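S.K.: Knowing the structure of chain Z, use the given hints to seat chain F on it.
There are 2 protein chains.
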Amino acid sequence: MEEAARFYEKILGLSLEELEVMEGMDTTLGFFSVGESNIELVERTKEETGQAKFLANWGPGIHHICLEVDDIGAELKSYKERGARLIDETSRMKVGFIHPQAAGGILIELCALPKEDR
Amino acid sequence: MEEAARFYEKILGLSLEELEVMEGMDTTLGFFSVGESNIELVERTKEETGQAKFLANWGPGIHHICLEVDDIGAELKSYKERGARLIDETSRMKVGFIHPQAAGGILIELCALPKEDR
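Protein chains in written order, with our numbering: chain Z, 43 to 160; chain F, 43 to 160.
Pulled out of the complex, with its shape left as it was, chain Z reads as follows (with noise of 0.2 Å):
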């Protein structure tokens, strides 16, 4: 996290917004914005994880795009209604996945919208 956050911080310029240290869970998450978008570095040392397995396998790169909305249990359902394979048929901890082979080889995350955005 440090040495990637460095990068966008101090070459490319971007403001780090927020800096999460989910504890139990050895996960740091630091959110550059970028217009109305972020990009969110995410760093995890637990090994049982999906994202802990795509750094093995992979090495660091980019995971997935996610996507704010006001209402993910409802946009689940419509989504599987017009036929989109997902990960999460209902959401967990405000988020939710679409599968991969839904969206052209691309994971989509859904996420509630925070309240004081909406």
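Because the hints were derived from the structure by calculation, they are not lab data. Please read all numbers here as calculations on a predicted model, not as lab measurements. Among these hints, one or two may not hold up.
You can't tell identical chains apart in this list, so a pair holds if it fits in one copy or across any two.
[To be verified] The list that follows gives simulated cross-link-like pairs (lysine-lysine, DSSO-like), each with its CA atoms no further than 27 Å apart:
hint, residue 1, residue 2
1, K88, K136
2, K136, K119
3, K52, K136
M.R.: Quick look at chain F alone, frame taken from chain Z:
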């Protein structure tokens, strides 16, 4: 392109802003707007390009992140001065790439901001 675009348009409900057929380059680009950003789908048929090799080696997936800038030449110069490894030291066709080794494994493209948006 057609199959992937169907997902982004019909299932996710994103609007296709622009479909650009680049004659002679055997490339089709589809832009879907998400806030101030775009998801850009790239269809490649020529075998010699970096993106065609990426497709052949890894299959469809996320290829790079593109950041719009006012002056690519000046940005590339300042990144180099600050120690970033570049693929392009000067811009080519209004784009320039930063080496993934500089950016935590992520291939970053700079592209010229369209004049009307400056």
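S.K.: Taking the hints in turn, state whether each one holds.
M.R.: Status of the hints after comparison with the structure:
| no. | hint | result |
| --- | --- | --- |
| 1 | K88 - K136 | within (21 Å within a copy, 41 Å between copies) |
| 2 | K136 - K119 | within (15 Å within a copy, 42 Å between copies) |
| 3 | K52 - K136 | between (32 Å within a copy, 24 Å between copies) |
When each numbered hint is compared with the structure, no violation occurs for any of them.
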